[in-house]
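Fit chain Y to the supplied structure of chain U, relying on the hints for placement.
There are 2 protein chains.
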Amino acid sequence: MSEGEDEITGWFARQSKLTAADFPIGIGDDMAQIQLGKDTSVLVTIDMLLDGVHFDLEKATVRQVGYKAMAVSLSDCAAMATVPIAAVVSVALPKGFGEKELKQLHTGITDAGDKYDCALVGGDITSWGDSKPLAISVAMLSRAAGNEPVKRSGAKVGDNICVTGSLGGAVRRKHLEFEPRVKEAIKIARMVTLNSMIDISDGLSSDLNRICRASRVGAVINSEKIPISDEAQKSENPPSSALNDGEDFELLFTLSQAECEELLQKWDGAIPITQIGEINDTKKMRIKMPDGVIKDLEVKGYDHLKGGCEL
Amino acid sequence: MSEGEDEITGWFARQSKLTAADFPIGIGDDMAQIQLGKDTSVLVTIDMLLDGVHFDLEKATVRQVGYKAMAVSLSDCAAMATVPIAAVVSVALPKGFGEKELKQLHTGITDAGDKYDCALVGGDITSWGDSKPLAISVAMLSRAAGNEPVKRSGAKVGDNICVTGSLGGAVRRKHLEFEPRVKEAIKIARMVTLNSMIDISDGLSSDLNRICRASRVGAVINSEKIPISDEAQKSENPPSSALNDGEDFELLFTLSQAECEELLQKWDGAIPITQIGEINDTKKMRIKMPDGVIKDLEVKGYDHLKGGCEL
Chain U
1 MSEGEDEITG WFARQSKLTA ADFPIGIGDD MAQIQLGKDT SVLVTIDMLL
51 DGVHFDLEKA TVRQVGYKAM AVSLSDCAAM ATVPIAAVVS VALPKGFGEK
101 ELKQLHTGIT DAGDKYDCAL VGGDITSWGD SKPLAISVAM LSRAAGNEPV
151 KRSGAKVGDN ICVTGSLGGA VRRKHLEFEP RVKEAIKIAR MVTLNSMIDI
201 SDGLSSDLNR ICRASRVGAV INSEKIPISD EAQKSENPPS SALNDGEDFE
251 LLFTLSQAEC EELLQKWDGA IPITQIGEIN DTKKMRIKMP DGVIKDLEVK
301 GYDHLKGGCE L
Chain Y
1 MSEGEDEITG WFARQSKLTA ADFPIGIGDD MAQIQLGKDT SVLVTIDMLL
51 DGVHFDLEKA TVRQVGYKAM AVSLSDCAAM ATVPIAAVVS VALPKGFGEK
101 ELKQLHTGIT DAGDKYDCAL VGGDITSWGD SKPLAISVAM LSRAAGNEPV
151 KRSGAKVGDN ICVTGSLGGA VRRKHLEFEP RVKEAIKIAR MVTLNSMIDI
201 SDGLSSDLNR ICRASRVGAV INSEKIPISD EAQKSENPPS SALNDGEDFE
251 LLFTLSQAEC EELLQKWDGA IPITQIGEIN DTKKMRIKMP DGVIKDLEVK
301 GYDHLKGGCE L
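Residue numbers (this note's numbering), protein chains in the order written: chain U, 1 to 311; chain Y, 1 to 311.
Hints listed in this document are in silico derivations from the structure and should not be mistaken for laboratory results.
A few of these clues could be false.
Chain copies aren't distinguished; within one or between two, either way the pair holds.
Said to hold, decoys possible - Here are the simulated lysine-lysine pairs, DSS-like style, with alpha carbons at most 30 Å apart:
no. : residue 1 : residue 2
1   : Lys187    : Lys100
2   : Lys174    : Lys17
3   : Lys95     : Lys174
4   : Lys183    : Lys17
5   : Lys17     : Lys115
6   : Lys38     : Lys187
7   : Lys59     : Lys295
So here's chain U without its partners, still in its complex pose (with noise of 0.2 Å):
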């Protein structure tokens, strides 16, 4: 197809007919935001995992893909700093699938939510036929954590960039595995005041175009800057592997330099936060290279519409 996936959804963002007083985030950020009454809001988001795009059940468990499926709509969450509250899970079923591989699925479920207090309270389960594989979708309510949710699109000029954890590789283990940054996010929302903030699924480059286009400004990363996950390390080009592999979940977000150093000196998470660039008015994206050479930075994550990486 001719557009990718943020084109679509733009596409899908212009046909919405959403109020801003009833829908205070509509298409095209982490989480939908549904005013209920005055002082109280929902946030929804949707993710389907699928066997051989998300996972890959020849080297994941099935209480593997049941954790990832929650863990990514938690990370949602935890990208607008936001609390979990429950979710809903519907599941295709490929044939010899029964009731210990649902009780699998359904322990990688409750494990993933119950360390984030996200109760399990309903769902949807077919099976099909012959040489299908398994699907499997999470819908995630959350709400408010006293601040506003984090949006993608308040990225201001002169914002300090920071991710936490390290980044790339995450495809060979960590995908399977990892720790939505829930608490992470809260804490840090109630330390300072971010102005926008992702998870990182598809990618640094990808995620971070996101916000600069959500924000309609630019960005320059430091390429020194960048925590590069062992398991990247490994890899044939380290830094393009942090730069683009996605699947790391881990927050990126910015906050004027004043708060970045606040938030930098009070820090006491066992995660690591790393500034590794500035948002700018220049609308592009750009790297600063280790001989000090700045070059445009290409968005190469992973698009589920046009594939990229490979699990």
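Here is chain Y on its own, set in the frame of chain U:
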């Protein structure tokens, strides 16, 4: 597998540690209810529709698939007499599906949603490889319509059993074009007190069985009173078609005899309501045949784990 859909759903429900204060309605009804504040709650449901199971792309248009995916969830909102608010949709696209098909799917989704003021607020799109079929999962939120949401578990001995519309043969055409009974459900629930309700998705015999099991009651149906659709009349065994075909997406509800009389007397909706039987304390489902003989009513509707009906 040894267990069917209802058995495994029961197992999931028994594993859950939901508190009634936070989750007034948990696993096992058409929607779960989440208490968000003293006076605010939200209901949520999820369903996944699969090519070859819930639709057949050789017979259905992509627009119809989008419409049905939303209408199925809208019917869940109707089943509890709640007001749809918003939906999120995830889709797995077969190879060759592009912009054109996505926009057709979107048209179907919004055609169904717009009619019931149910906004599309987010989604997730993934393309998967060769020979992988279209899958679409819709999660929908709703709110109480003034009255308490109507559960499956409230049927009382002595209740009359009613259905909207007519039953059977929906797999031929209606299952792609049905009108979810959202407006009827809310109108009925405002006129009288409903003790239990469900939408007929898997067949009258299956869904009445769900009400009976959840409410720990029995039922007797008068076969001559079942409203048989024109499509079912064309079938080899019209009464069996009306009892077991499924995909009718009509409402099945129970209420006291006095409330039922009041409803039937005052009802001025375009969709007929028919009283077809009574709830009793036998814990068995029986059917009164035209010759006056009362037989056990077998549950022959569609089981999404065991299969049953064909599209």
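We went through each hint and held it up to the structure:
Taking identical chains as interchangeable, the C-alpha atoms of lysine 187 and lysine 100 are never at most 30 Å apart, the minima being 38 Å within one chain and 43 Å between chains. Only between protomers do lysine 174 and lysine 17 lie at most 30 Å apart by alpha-carbon distance; the minimum there is 29 Å, versus 39 Å within a single protomer. With identical chains, the CA atoms of lysine 95 and lysine 174 are at most 30 Å apart both within one copy (28 Å) and between copies (28 Å). Only between protomers do lysine 183 and lysine 17 lie at most 30 Å apart by alpha-carbon distance; the minimum there is 22 Å, versus 34 Å within a single protomer.
In this homomeric assembly, lysine 17 and lysine 115 come within 30 Å of each other (Cα to Cα) only across copies, at 13 Å, whereas the closest approach inside a single copy is 37 Å. Both within a single protomer and between protomers do lysine 38 and lysine 187 lie at most 30 Å apart by alpha-carbon distance, with minima of 26 Å and 26 Å respectively. When the C-alpha separation of lysine 59 and lysine 295 is checked against a cutoff of 30 Å, the pair qualifies neither within a copy, at 37 Å, nor between copies, at 52 Å.
Checked against the numbered hints given earlier, this structure breaks hints 1, 7; the rest are met.
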